[in-house]
Amino acid sequence: MAKKTAIDPAASLAKSIVESLERRRNEKAGYPASLREVAQDVAAGISETDLRAALAKAPLKSRCVLAIDGDLDSLAILNDKEDIERLAGDERLLQILCERLCSPQQPIISVKEMAAAGVLAKKLATPFKLHWEERLKSGTLPSFVNAVQVPGKTAKATVQKLHDVRFPLPWLTLSDDLVQAFKHSPGSQGVIFEWSDLIARIPGAAHEKYTALARASEPFQSQVISVFAKEPKGWLLLSENVDHGARDPRIMDRIFQSALKAGDTAVEVAALKKQKHLSPQLSPAFSRSVDEISVSCPPGFGVLRFAKKTLLFRLRDVTNCPPHRGPLTAPPHESVVVTSSPIPAGGTTFAESFDHTFTGLDAHDGGYNFVKLLDLRLALPQYGRADFDAGLHTLRLARRYSLMPSEGNGITLSQQEHDAGIQEFGTRLVYCKKMG
Amino acid sequence: MYSCNDDFFDAIRGSNPFGSDKVTAPEDDVPTVDSIHSQEFEQLKSLTLQVQEQSRSIGVLLWGGAGVGKSHLVSRLFHWAQTEVRAICVYLPNILSSPQHIPRHLLRSVISELVGGRTKVKQSSLNTLLWTIITPDGNRNIQSKTAKKIYQQAVDSLEFRSEGISAPFNAAVFEILFQFFKKVNPAVVTTKEWKLVEAMIDWLSGDGIEPEMATLLGIPPRARHLDEDGLVRLPDDQHIAQVFQIVTALCHRSGRTLLLCVDQVDNIGRERVANLAAFGLKLLDQKQGLLLVTSGIKETVLTMRKDGVITEAQWDMMARVRIDLNLVTAREARQILVERLRPIHSRARSLPDIGAMQVSHALFPLGEQEFEERFGQSPEFRPRSVVAWADQNWQMEQQRLRELGAKVWLASWAETPPHRTVQTEAEVIDQAVADDVNSRIAKLRDSHAPPNSDHLVTVLELLLLRLLEVEHVSQHYSLLRVRRMNEVPRLFDLKIEERIADSGIKVRSAVTIIVARNGNSAWRPLDRLATQVPEEISHRILVTDDERAPLPSTPRISQDYATLVGMGFERFRHIKLTFQQYVELDAIRSAIDDAANLTIEYTNRSDSGATPSEVIESLHRQDRFRTHPLLRELLTEPSATPPPSPQPLPPEVKDLIATIIRGNLGWKICVTTNDVASEVMGQPGMSHLDFQKTHDLVVSIAERMESESRLTSKVHLNGLLLMSAQ
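These protein sequence lines map, in sequence, to chains Y and B.
Under the numbering used here, the first residue of the first sequence carries the number 1, and numbering increases by one thereafter.
Under the numbering used here, the first residue of the second sequence carries the number 437, and numbering increases by one thereafter.
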């Protein structure tokens, strides 16, 4: 009597799944689909263990290709050249790869990087690369990705990559971060900032290759201008502060220096307006400040009239003292020294703690932007009075916060509220507000 | 350009570009540094345009600390809106009326502004906007019938809500506005026609008119609500809001926003703010073209919001846009000074000596060293403190210039900083308070504020209540208690209780204030004063605005007046206020309530202004209460020693007035005689002068200078507008 061959349920299932795959392909319906979905055709409610067992059996093992090795939910096709190419070009595959490989930190990726990331099945890597590079080149991409040009290995070379639209472009983020850092940095109001100082305020940005793109993107492009046209990585100024910034004594000093002829210590005021160094956005405001020199002399400079000419000179070049009532030196407020905020042991700066606390207290109070100093002091006990006052003074110099006295009719402060105030020129300042 | 150094010295001696550190009227010509609060200014401009373009109404809350520049910003906005013909602007500082009459007071003020205070109705905003609607092309040759047809078409095209308001009422308002247009534009307006126009303005303002006049004006019977005096007037807040809505819609139709600014709301008291907010909600709920800007000190306004004085719904509408003004930096402070100095500097630039000083010292004749000492150390300042500092330093230079003579002063200026004359704190406060009151008087005299009994009663009530808060006052005056009467009908307006010092007897007085142009309005309250005051009240005091609205002379009024006079001088007094005395009450009251905004430059003193008590004590030291006839009557016993008669004006004041006129016209386009009088009284040792007498002298000297072709002038509200002859 012939020996009966034992029936292997996993092999039987494997055979049925392959048949189901073939049927789906022939009927051109639901193909490619995930292996788990196809298996449901032949064994409803199949367990993961049974499915994996089937996958290890012929003919499924050799006839089926999973888009992502071992992932039962990834798309499955029959192991034919035509089918592999079909899966490589399936937009769902690209979307799955984007979801796996892209993040807010890495919203951009090349097709090559995707193919080589070790996620795709080996058989798919090359056709995937060929298909999507072609689509990238032709600009026929699905809506969840965009094509972007990013800097290549050399300064002039660019590479085309895919951008996962769920995440903002890094240079746009950087552009916005730079502008925000500029606006909220101590001393930024009307004070010139060095590019290197600014970029240092964004963690990791100095090593980013997107800085050029960030400078050319909004909001940086329209809100920040280079003081000198040919020095994009030199001094910067917020465009909203052009009038203010054009009066910065350092700009006058540079222009004065460039206009100075060898051996001279004075420059004809009219000549200053002929300068070509400043960026075009700044030049008109600078010209206006030059027009005002006779009534509003820049700090550190003096003006004299000689032979019908108005001449500008540096006070430091004058050997005799100026008259008693003139400015002896650059006024203190013209050369704001931006000092670092006190840093507690935890590593958070005073400015950060203060911002955070103010925002919380203000929100709790209804968002009227009017918080009592007493509440702020109580919420920031880690800072002693001197540190608190010094830190707040710095923030005020940077025009980030402003203080106000109690002056309303019929309002009486408690002794604590009064004591928490800061006395300044005879006024007790008890309220704090954030400046917009 | 100044032709010689003396012109420049005249400017220093006779004018002060820092003399005004607060804006009390939007027409104040205050120099502006464009970059300061520029973002907020642009936002307000944009909102004004949005209101017009999008046919909506928007509420804006403009808030910040005292002296930060709120009123200045409003002034900038008004100037822009009027220059660009974008809005009809109405500025209402410190609105005062009884709380329940706030809507009526607002309407009255707006209509008064729209009709140019009734003095120049042809040139008034209301007439201009009606012309714009009727003949947009500016053609003024138009037949009455055609005008009516076009007007009616425009009216029919307007969109506005009428819930609870009858169509005949709306039609009556439109018809009265057209009749106003018809009657004020002929070359000659007869007395009879003018009476009709006045009645129209009264009714549109929410004031009562006689029933016969209402019939003549075609006011429908259903809208003829009779008040307690038997006069026809707008019955309630809903109808008042409807007139507002119609006026706003017409403004919108003429291409302009109605820009209404209620300033200093922090000073008007919580009950008034509550009523203002309730009415503001009604106004903003309209569809068309109102930009309602409410302005005040942040701390007070916020407290009222948190305490529920302003409800959430009201807040959402009135403070839909909140604009919070920031203080200025030292750099901006310097710009303010440079800007204010610019008119004088630019005229003196070609003078060799002076021009050279200006080149070396940008703030000349103010010292940069002193500026740095005062402002170099702190991150932020109130603009008002900066101007007050400059004002004081300018005055010191004026003093030195007078003492040393021009040549020595100029030669020694650079080497010698000015020495502040040693003054006590009280002296400094007195000078600041006197300047403040006088400048308020000058502004009130130059305004279109309509005479109104409710307003005057409120001013008097608040002033007396303030005085009672100060213990110091009770030592010097007999006033014990003040009570406003609110019963309907009111037998009188205020009940005053005084104590006779020697005997300790309490004496009560009934005060009735009548500011009315027609007999019916005036008769009822007078009759009640004459016949219905209870026995326990032994004194009756009648107060009238004798210059603008004297007691009408009808048989019934004459009879009651004779009854009152017959009671004898001990039991009845009639205080006839001049316009000057009327505005002085308001100026004193507002100076006390606005004490926080007073800038007092004194060593180690807070720059948070003064307290109401300090201002009251200062006014007492200056004898401002006893010298006012009404306050004297209410604050002192009948037998109290009368104040000394005002001293005659010192002879040197004539030269001073001429210098001030020359100094101002040397760099300003024009100056009013009221402002000159205020500046004269701001000079050292002149604050005790009588404003009216000083003003009269200013007018006479200005007329003499005009006869010598040194200036030109024209009548301007309650004084003259002086302009350079060049």
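Simulated from the structure, these hints should not be mistaken for laboratory data.
A few of these clues could be false.
Claimed, not checked - Computed cross-link-like contacts, EDC-like style, restricted to lysine to aspartate or glutamate with a CA-CA straight-line distance of at most 16 Å:
1. B:742 with Y:365
2. B:481 with B:520
3. Y:308 with B:646
4. Y:434 with B:789
5. B:631 with B:646
6. Y:433 with B:760
7. B:742 with Y:362
8. Y:161 with Y:194
9. Y:61 with Y:71
This structure is a prediction, so every number in the text was calculated from the model and none was measured.
Against the structure, the hints come out as follows:
{"no.": "1", "hint": "B:742 with Y:365", "verdict": "holds, 10 Å"}
{"no.": "2", "hint": "B:481 with B:520", "verdict": "holds, 11 Å"}
{"no.": "3", "hint": "Y:308 with B:646", "verdict": "violated, 75 Å"}
{"no.": "4", "hint": "Y:434 with B:789", "verdict": "violated, 47 Å"}
{"no.": "5", "hint": "B:631 with B:646", "verdict": "holds, 12 Å"}
{"no.": "6", "hint": "Y:433 with B:760", "verdict": "holds, 10 Å"}
{"no.": "7", "hint": "B:742 with Y:362", "verdict": "holds, 14 Å"}
{"no.": "8", "hint": "Y:161 with Y:194", "verdict": "violated, 32 Å"}
{"no.": "9", "hint": "Y:61 with Y:71", "verdict": "holds, 14 Å"}
Violation of the numbered hints given earlier is confined to hints 3, 4, 8; the remaining hints are satisfied by the structure.
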